[in-house]
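Student: Sequences are here, hints too, so could you generate the full structure?
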Amino acid sequence: MAYVGSPFEHDLFISYSHGDDGKGRGILRPWSQAFARELENELRFDFRLTRSLNVFFDAGERPGEGIDPMDGLHPQLQAHAGSSGLLVVLMSPHYLASRWCERERSWWLDGQHALGLPTQERIAIVRMAPTEPPWPAEFCDAQGEPLVGFQFHERVGTCRPLGWTELPDAFGKDFRAALVELAGHLALKLDALKVRTSALQRIQDEARRLQAHGGQAIYLHGRDDNRTTWERTALALSDEGFAVFPGEPDPPVSEPEARLKLNEQRVDTLGNCDALLLLGTADGRALDLDLMEVGRHNRQSARARSHRLLPCGVLDTVGPPVATEIRKRAARNLQADWLDGTTEPWLPRVHQWLTDKGTAAVQAP
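Numbering of the sequence shown is given in this note's numbering, commencing with residue 10 and proceeding in unit increments.
No lab work stands behind these hints, which were simulated from the structure alone.
It should be emphasised that the depicted structure is a prediction, and the values quoted were computed from it without experimental measurement.
All C-beta atoms in this analysis are idealised placements derived from N, C-alpha and C, irrespective of residue type, glycine included.
Possibly wrong hints are sitting among the right ones.
Cβ pair distances, simulated, as ranges [what the hints assert, rightly or not]: (1) Cys168 with Gln309: 53 to 59 Å; (2) Gln372 with Thr128: 16 to 22 Å; (3) Gly33 with Pro142: 26 to 32 Å; (4) Pro265 with Arg217: 36 to 42 Å; (5) Ala146 with Ser315: 22 to 28 Å; (6) Glu302 with Arg53: 27 to 33 Å; (7) Ala373 with Ala267: 37 to 43 Å; (8) Glu257 with Val327: 52 to 58 Å; (9) Ala151 with Thr278: 43 to 49 Å; (10) Pro39 with Asp200: 29 to 35 Å.
Tutor: In structure tokens, the structure reads:
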């Protein structure tokens, strides 16, 4: 399991070229292996990453790199690349010429697209040697310019990778300084991705609950002067397998202090429910107020506290004249769906509504 969490298996995927010399020897491989080892150690210095960091670095041989890598390796490496949170590229002319590296890049990009996650700010370019354009489009900004990346080669002279002449001994201070800067940036990106994946996991969990056939906690809002309709609706939902809250319709309150208390109780309960249904009865003006107060204000407060999706719907039990086009549009603009509860069977419409909301949540960018 990666530090950033599900659905990722690895936090980093380090893509590099061996620099095959045509005789089966990779001239860039020793430096790349040492770089990967030092980067992982530097990242693990952060206590949060000491035990949880997961870095994938393919240290295996690559016969004929850039020509035809062993086909049997493709599925396994493709899975590793696609399930990695960040892509770290050791950029060199050899990398740009490598078909193997091109495949790794495509595998990583395909994996992110399959997850529905953007790739911006998740690719780190380590410039280990000067290169000539063009670069792959994924490694360029909106203006088509190569990403700045991180400088890991000498700026004058032979422009070898930092520490090239120091191998196999320890890297020197120039390499260390560049490594600390890179690790700091990567740690920040890992934290940001962890937050995003946690939110994604929460949405997926909620979507599964919404799509289940029963078992959801439904907040059924109604008024005491329509108690009979509220109780009949609540019992029907309960018999269908839904848990209905609160245990009774709202009592009439007029005192400001009592209204504040009722609102607070409503928000607390809403924050623990999976969906909100506003009971639409013959009193259209009451429904208008419920849409604004409960469907918008209370629901927004509950969502802010609980971070739940909390879809909202109007369960219309009377039809016209309450179900006017103006009122339906107002509900839609307040992100409340209109459900027809005037004809039997109406419970399947509630199930379908919850299923659709769960599907939409997963598909949302």
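Student: Decide, hint by hint, whether the structure agrees.
Tutor: Hint by hint, here is what the structure shows:
{"no.": "1", "hint": "Cys168 with Gln309: 53 to 59 Å", "in the structure": "holds (56 Å)"}
{"no.": "2", "hint": "Gln372 with Thr128: 16 to 22 Å", "in the structure": "holds (18 Å)"}
{"no.": "3", "hint": "Gly33 with Pro142: 26 to 32 Å", "in the structure": "holds (30 Å)"}
{"no.": "4", "hint": "Pro265 with Arg217: 36 to 42 Å", "in the structure": "holds (41 Å)"}
{"no.": "5", "hint": "Ala146 with Ser315: 22 to 28 Å", "in the structure": "violated (40 Å)"}
{"no.": "6", "hint": "Glu302 with Arg53: 27 to 33 Å", "in the structure": "violated (52 Å)"}
{"no.": "7", "hint": "Ala373 with Ala267: 37 to 43 Å", "in the structure": "holds (38 Å)"}
{"no.": "8", "hint": "Glu257 with Val327: 52 to 58 Å", "in the structure": "violated (21 Å)"}
{"no.": "9", "hint": "Ala151 with Thr278: 43 to 49 Å", "in the structure": "holds (46 Å)"}
{"no.": "10", "hint": "Pro39 with Asp200: 29 to 35 Å", "in the structure": "holds (32 Å)"}
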